[in-house]
Amino acid sequence: MKILRTRAASVSRQGLCTALLVASLTAAVGVSPPHNIADADDTKPGPDNPQGLPHGTPNLTLPDLKPRSPGPLPPPDKRLDGSDAATGIPATALDAYRKAAQAMRTDRPDCHIPWELIAGIGMVESHHGTLEGRQLLPDGRSDRKILGPRLTGGQFAVVRDTDGGRYDDDPVFDRAVGPTQFIPSTWESFASDGNGDGVKDPNNIYDAALGTARYLCADGRDMNKPEDLDKAILRYNPSREYVTAVLAWMRKYQSGDVAELPALPGGGSPAPSTPGTTPVPPDRKPGNTPGGSTGGSTGGSTSPAKPTPQKPGPQKPTPQKPTPEKPTPEKPTPEKPTPGKPAPVAHLDRKDVAERWQTTEGTAFDERARVRATDRTGKPVAGVQVTFEIIGDTDAYFRSGAKATKVTKVTATTDKNGVASASQAVVAGDRSGDFSVRATVDVRGVKPVDFYAKVVAPQADTLKQVGNDTFMAAPDSAFAKRLTVIATKNGKPVANLGLTATVTATNGEKDATSGPYFKDDQGRPVRTLTLERTNGEGKLMLPELFADKNTGGYALRVTTADGKTLVVQLLVRQQDQKPAQDQDQDQGGKETGSPATPSTPPSTAPAKKAGATS
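Heads up: the sequence shown runs through residues -27 to -1, 1 to 587, numbered per mature numbering (1 follows the signal peptide of the UniProt record, and there is no 0).
Heads up, a few of these hints could be off.
Stated by the list, open to error - Heads up, simulated DMTMM-like pairs for lysine to aspartate or glutamate below, C-alpha to C-alpha not over 25 Å straight-line:
{"id": "1", "residue 1": "K324", "residue 2": "D143"}
{"id": "2", "residue 1": "K483", "residue 2": "E510"}
{"id": "3", "residue 1": "K512", "residue 2": "D493"}
{"id": "4", "residue 1": "K72", "residue 2": "D143"}
{"id": "5", "residue 1": "K462", "residue 2": "D449"}
{"id": "6", "residue 1": "K173", "residue 2": "D143"}
{"id": "7", "residue 1": "K420", "residue 2": "E200"}
{"id": "8", "residue 1": "K462", "residue 2": "D535"}
{"id": "9", "residue 1": "K537", "residue 2": "D449"}
{"id": "10", "residue 1": "K420", "residue 2": "D388"}
{"id": "11", "residue 1": "K483", "residue 2": "D493"}
{"id": "12", "residue 1": "K437", "residue 2": "D407"}
{"id": "13", "residue 1": "K512", "residue 2": "D339"}
{"id": "14", "residue 1": "K462", "residue 2": "D339"}
{"id": "15", "residue 1": "K382", "residue 2": "E328"}
{"id": "16", "residue 1": "K427", "residue 2": "E517"}
{"id": "17", "residue 1": "K379", "residue 2": "E328"}
{"id": "18", "residue 1": "K454", "residue 2": "E517"}
{"id": "19", "residue 1": "K512", "residue 2": "E482"}
Claimed, not checked - Here are the in silico distance ranges between beta carbons for each label pair:
{"id": "20", "residue 1": "E214", "residue 2": "S396", "range": "24 to 32 Å"}
{"id": "21", "residue 1": "R372", "residue 2": "P144", "range": "45 to 53 Å"}
{"id": "22", "residue 1": "G525", "residue 2": "N441", "range": "35 to 43 Å"}
{"id": "23", "residue 1": "G525", "residue 2": "P144", "range": "33 to 41 Å"}
{"id": "24", "residue 1": "K420", "residue 2": "R372", "range": "26 to 34 Å"}
In case anyone wonders, no lab produced these hints; they're calculated from the structure. We put the beta carbon where it would ideally sit given N, CA and C, even for glycine.
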C-alpha cells in the first residue's frame, strides 16, 4: 500500500512517543483511559481483508514533540496558526479531511471521527498526496498517480488483480492506490464521492479521505473509545509502529501547531521547506502573498531601485525608463497558450463510457471509446488529437467507411468540451478472448486510457435440421440434397455461431475413414470440416457432400463449440439397388447424437426443399 521509504526516527523519540500513546491515547479523543487491546481478534489480518495484510512501507517519521506555546487551544476550524511548513497540510488536503469528518458527523454521528485522524493517515501514507514532489490539483487529484508496490509476495502480501487494472494500472497483481493507499478490492467496498462530482476515485483526496473515514468507522466503531480507535488503525495497517505514527501526527494536528500550506496556481502544494519559514510558490512574484496568507517574501523586493539623484532639468524622467521593462520576463508564461494551439494536456479520462465491454464473436460492440482531455487545472482542452488503437492478440477492428475497411487505429480531435470519440464502432472478430482499446495523446507524461473488451462465443441450446429431406447418393457421385441447419437459444435464432461437420458411422460417434466426404479448398476429400457461421436467421447450408465407391449407411454429425450436436443419417447405394427393409433408415435429422433406427421404413411423404441458405 505504501511506497514511501521508511525514515527511521531516533530511539528516544520512538520510545517517548510510544510512552505518550499509552499515557494519553484518551487525551487525543477526549475519553477514559485506554486498556490493552493489542490482541483483539478483529485486528488480525486475514484473507478477507487485504487492506490488513502487509502491502507497503509506511513513512513512520514522527512529528516534533516539542510542546506548543502556552495559550488556549483554538477551535478546530481555526487551528492554522503554526508556521512549520514541514508539518503543514496543503489547503486542498485540509479541506478534504474536514469535509470527510463533517460528512461522517451526518452519516455516522456515533463514530466521532476527528479530521485530524484522517489527516494522520494521509500524512503517513503519502504526505497528503504530495509524495515525491507531487502536487494536488484543485479537484483533489495528485498530478501523478500514487501507486504502491506490486503485491507479488516476498515482504508484501500476494494479492492478485481484482480491478483489471482500472485503479492501479496493473491487470495482473493489485497495488495500493491514492493518497490514502487503498487496495482496489477494499476500495470497492468503501468507495466514496467526497467532492460531489459523481465519481468515486481513490486517486482523489476528497474521495479517498471519505473512504478512509468510512473504513475506520466500519463495524460500528467509535473513535471516542480507545479500543475502537486502536483497532481501526491496526485494521488499516497491522503494525504497532504504524499506530504510533498515525496517532502522533493526529495529536500534532489537534494541537493547532500546524500550517495550512497555500495552493499553487494551477493546483498543487509547495514542497516542505525549512522549518520556521512559509514556502513561496516558484511562480509567485517575490514580495506578494496570496490573500490571507502569512507567508513572507524571499530573495528581496522587486521594486525598482532608487535612482541616483539628478540635477533638475529635462533628465527627470530618466529613472522611470526601467519600470515598463520589468514585466518582460512574464511574456512567455506557459499559462497562456499560443493562439491556434491547444493548452497543454495534463490528464486524459474516460467520458460517459463503461470501462469494460462485451460482445459475441463477429458482432459490433455497443460502446464507443470516448475520452476527455483536461489541463493541470481541470479545464477542458480543445483541439487535441486523440488516437484510439486496438491492443492485444485479436482480430477485432474498427469498421471504417462504406467498404467496411478493417483498421486497428483511428484518430479524433477534442471538441470545446475537451471530448473526443471514436467515430467508428469496434467489431469483434471470429475469435473469443480479451483485448483493449487504448486512447492516447502525443504529450509526454499523460497516461493512456484503456477500455477493456471481451469477446465471447455465441451459444445455442438447440440445433435442428431445416425441412425433412433424406440424404442419399450413388457411389462416386454427389448427394442430391444439401443439409441446412438452424441454431436457436430460448426459441430465438443464434447468429454467427461457429459449427463443425464430421462424417461418422451411423451412430454419430465413431469418425468414418471412408464413405461420404466434403472437398477442401484444394478439391481434396475431407471428412471433418470447419463450417461458415450461421447467418442473421441462425441458419447455415452445409457444403456439397460426395460419396466414394463404398456403399452403406453413414451419419453426418454437426456440432457447436460448446458441444450441442445434430446427427443426420446418410445412405450410399447403387441406383438400381432396392434396399432391404432392415436397411431402410429414417433420413430425418437426429438431435444430440440420437442414432437412427435401422428398422424404420423410409417416409412416403414428398421431400420438402431446404428452406434457407447461409
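So, going through the hints one by one against the coordinates:
no.	hint	in the structure
1	K324 to D143	21 Å, holds
2	K483 to E510	31 Å, violated
3	K512 to D493	21 Å, holds
4	K72 to D143	31 Å, violated
5	K462 to D449	38 Å, violated
6	K173 to D143	19 Å, holds
7	K420 to E200	43 Å, violated
8	K462 to D535	13 Å, holds
9	K537 to D449	31 Å, violated
10	K420 to D388	20 Å, holds
11	K483 to D493	21 Å, holds
12	K437 to D407	31 Å, violated
13	K512 to D339	24 Å, holds
14	K462 to D339	21 Å, holds
15	K382 to E328	19 Å, holds
16	K427 to E517	35 Å, violated
17	K379 to E328	23 Å, holds
18	K454 to E517	8 Å, holds
19	K512 to E482	24 Å, holds
20	E214 to S396: 24 to 32 Å	55 Å, violated
21	R372 to P144: 45 to 53 Å	27 Å, violated
22	G525 to N441: 35 to 43 Å	22 Å, violated
23	G525 to P144: 33 to 41 Å	55 Å, violated
24	K420 to R372: 26 to 34 Å	28 Å, holds
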